[in-house]
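Asker: Sequence order for the protein chains is A and B. Just so it is clear: in the first sequence, position 95 is 95 by the UniProt record's numbering, and no numbers are missing. Just so it is clear: in the second sequence, position 20 is 20 by the UniProt record's numbering, and no numbers are missing.
There could be a bad hint or two in this list.
[To be verified] Which chain A residues stay away from chain B? Per the calculated CB distances, all over 10 Å, these:
{"hint": "1", "residue": "R22"}
{"hint": "2", "residue": "R38"}
{"hint": "3", "residue": "V97"}
{"hint": "4", "residue": "A118"}
{"hint": "5", "residue": "A147"}
{"hint": "6", "residue": "A150"}
{"hint": "7", "residue": "A220"}
{"hint": "8", "residue": "Y225"}
[Said to hold, decoys possible] Under 10 Å between C-beta atoms, here's a sample of chain B residues computed to sit facing chain A:
{"hint": "9", "residue": "L31"}
{"hint": "10", "residue": "G69"}
{"hint": "11", "residue": "S106"}
{"hint": "12", "residue": "L109"}
{"hint": "13", "residue": "W111"}
{"hint": "14", "residue": "L115"}
{"hint": "15", "residue": "D119"}
{"hint": "16", "residue": "F143"}
{"hint": "17", "residue": "R145"}
{"hint": "18", "residue": "N148"}
{"hint": "19", "residue": "T151"}
{"hint": "20", "residue": "G154"}
None of these hints come from the bench; they were simulated from the model. Ideal placement from N, C-alpha and C gives every residue a C-beta, glycine not left out.
Protein chains: 2
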Amino acid sequence: MKNAVALVSGGMDSAVVLALARESGYAVHALSVRYGQRHTSELDAADRVARTLGAASHKTVDVDLRSIGGSALTDDIEVPVHAGDAPEEAGIPVTYVPARNTIMLSLALGWAEVLGAADIFCGVNAVDYSGYPDCRPAFVEAFERLANLATKAGVEGAGIRVHAPLMRMGKDEIVREGLRLGVDFGQTVSCYRADAQGRACGRCDACRLRAAGFAAAGVADPTRYA
Amino acid sequence: MKNAVALVSGGMDSAVVLALARESGYAVHALSVRYGQRHTSELDAADRVARTLGAASHKTVDVDLRSIGGSALTDDIEVPVHAGDAPEEAGIPVTYVPARNTIMLSLALGWAEVLGAADIFCGVNAVDYSGYPDCRPAFVEAFERLANLATKAGVEGAGIRVHAPLMRMGKDEIVREGLRLGVDFGQTVSCYRADAQGRACGRCDACRLRAAGFAAAGVADPTRYA
Numbered sequence: 001m002k003n004a005v006a007l008v009s010g011g012m013d014s015a016v017v018l019a020l021a022r023e024s025g026y027a028v029h030a031l032s033v034r035y036g037q038r039h040t041s042e043l044d045a046a047d048r049v050a051r052t053l054g055a056a057s058h059k060t061v062d063v064d065l066r067s068i069g070g071s072a073l074t075d076d077i078e079v080p081v082h083a084g085d086a087p088e089e090a091g092i093p094v095t096y097v098p099a100r101n102t103i104m105l106s107l108a109l110g111w112a113e114v115l116g117a118a119d120i121f122c123g124v125n126a127v128d129y130s131g132y133p134d135c136r137p138a139f140v141e142a143f144e145r146l147a148n149l150a151t152k153a154g155v156e157g158a159g160i161r162v163h164a165p166l167m168r169m170g171k172d173e174i175v176r177e178g179l180r181l182g183v184d185f186g187q188t189v190s191c192y193r194a195d196a197q198g199r200a201c202g203r204c205d206a207c208r209l210r211a212a213g214f215a216a217a218g219v220a221d222p223t224r225y226a
Numbered sequence: 001m002k003n004a005v006a007l008v009s010g011g012m013d014s015a016v017v018l019a020l021a022r023e024s025g026y027a028v029h030a031l032s033v034r035y036g037q038r039h040t041s042e043l044d045a046a047d048r049v050a051r052t053l054g055a056a057s058h059k060t061v062d063v064d065l066r067s068i069g070g071s072a073l074t075d076d077i078e079v080p081v082h083a084g085d086a087p088e089e090a091g092i093p094v095t096y097v098p099a100r101n102t103i104m105l106s107l108a109l110g111w112a113e114v115l116g117a118a119d120i121f122c123g124v125n126a127v128d129y130s131g132y133p134d135c136r137p138a139f140v141e142a143f144e145r146l147a148n149l150a151t152k153a154g155v156e157g158a159g160i161r162v163h164a165p166l167m168r169m170g171k172d173e174i175v176r177e178g179l180r181l182g183v184d185f186g187q188t189v190s191c192y193r194a195d196a197q198g199r200a201c202g203r204c205d206a207c208r209l210r211a212a213g214f215a216a217a218g219v220a221d222p223t224r225y226a
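Using the sequences provided together with the hints, build the complete structure.
Answerer: Okay, here's the thing in structure tokens:
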């Protein structure tokens, strides 16, 4: 069985990605990153998800992005909440973490090299992406290109592929794909403001996107709300 | 004065890069990374170098690459030493840290976004580079391309430039450039096996490249050897 590394945040998207990689026949090594996020209960969720979906191993790497700052997810900046159908802000929101996906994919790349894995999976998604620049196809392609120049595996070996199987799926399609694969979304935590028990606020952008996905897919929302 | 971020390891190359960025008129924010390296005295050296060469600020970010493993610089693998003129191994050596430059540049990119800096400086060098794949011009170009797709600054702003001014310089040229700029190489630590006081072993690849640089430049070697 070929090794792959999958970034698993504890949210719903990366759970579906892990299940897809398993379905494709990989021994999946799940990587989570403790980057100073305020919603650390997502890391407990990542543990549950990795175990339930049969990851070959699960590692959580520490990187202190709080010392760099610049995001409502790591700083003392308030995560915005929305009442009812209030429009979302235009542009890149304050929950954007500078260079987060670049940093996380770099860590996945380092671990892939150590494992001799040529495949990296991530849940990057360009549809319901909250306006983050590092969630677009061109970003993933540029990272794959970099990975093949940066590493022993790229230079001397078989090359590195970066898979983003959810890239063009809407949240409702991700929900249906997860249900087909047996993902228990009740185990996952998407909320930016989740409490210590992983209960969601229901009002941040992540909660709204997630709830809209279940609604559009026509299935019951298993999210535990605070 | 425009802000720039410079990766400063405590070694001689990045000290020269910091001095070059200062000479070009930037307010330079020095970034060091505590990644689990066994030679932590280089981080003390980075502190001295940043202060002496007039960095606008200096930050050390923690990222635990030891948990990923795969390198003699972070693991319990022995760093190779050479007796006299013994040839170096062919290929990528065991001191290669998987994806290290990708990870460090990603962190620099994150901080650059927070500071509103469009310029990142690093000491990557393709001449005396010990055979590491992430020390070549194509790698730096691919990272710059990625940076401009990954970030708010690249998408909405003036774009990001990644400078590697030492890329094509031999170690002797780096020595001469540093002396011209007033760099005190006695403050820097290059050795992979440096002791807690920053004294060099004189026998690892990093020590041999450094000593050869001073010899070829025809200047006295200020390195403190154990």
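Asker: If a hint holds in the structure, say so; if it does not, say that too.
Answerer: Hint by hint, here is what the structure shows:
1. R22: Since the minimum Cβ distance to chain B is about 22 Å, R22 (chain A) lies beyond 10 Å and the statement holds.
2. R38: 17 Å, holds
3. V97: 8 Å, violated
4. A118: 14 Å, holds
5. A147: The claim breaks: A147 (chain A) does not keep its Cβ more than 10 Å from every Cβ of chain B (closest is about 8 Å).
6. A150: Per Cβ check, A150 (chain A) is inside 10 Å of chain B; nearest 4 Å; violated.
7. A220: At about 36 Å from chain B, A220 (chain A) clears the 10 Å cut-off, so the statement holds.
8. Y225: With a cut-off of 10 Å, Y225 (chain A) remains clear of chain B, as the shortest Cβ separation is near 31 Å.
9. L31: 9 Å, holds
10. G69: 5 Å, holds
11. S106: This interface hint holds because 4 Å falls under the 10 Å limit.
12. L109: 4 Å, holds
13. W111: 5 Å, holds
14. L115: For L115 (chain B), the interface hint holds, since the closest Cβ of chain A sits about 9 Å away, which is under 10 Å.
15. D119: 15 Å, violated
16. F143: Hint holds; F143 (chain B) Cβ to chain A Cβ min 6 Å, cut 10 Å.
17. R145: 5 Å, holds
18. N148: 9 Å, holds
19. T151: 6 Å, holds
20. G154: The hint holds - G154 (chain B) has a Cβ within 10 Å of chain A, the shortest such distance being about 7 Å.
Hints 3, 5, 6 and 15 from the list above are not met by this structure, while the remaining hints are.
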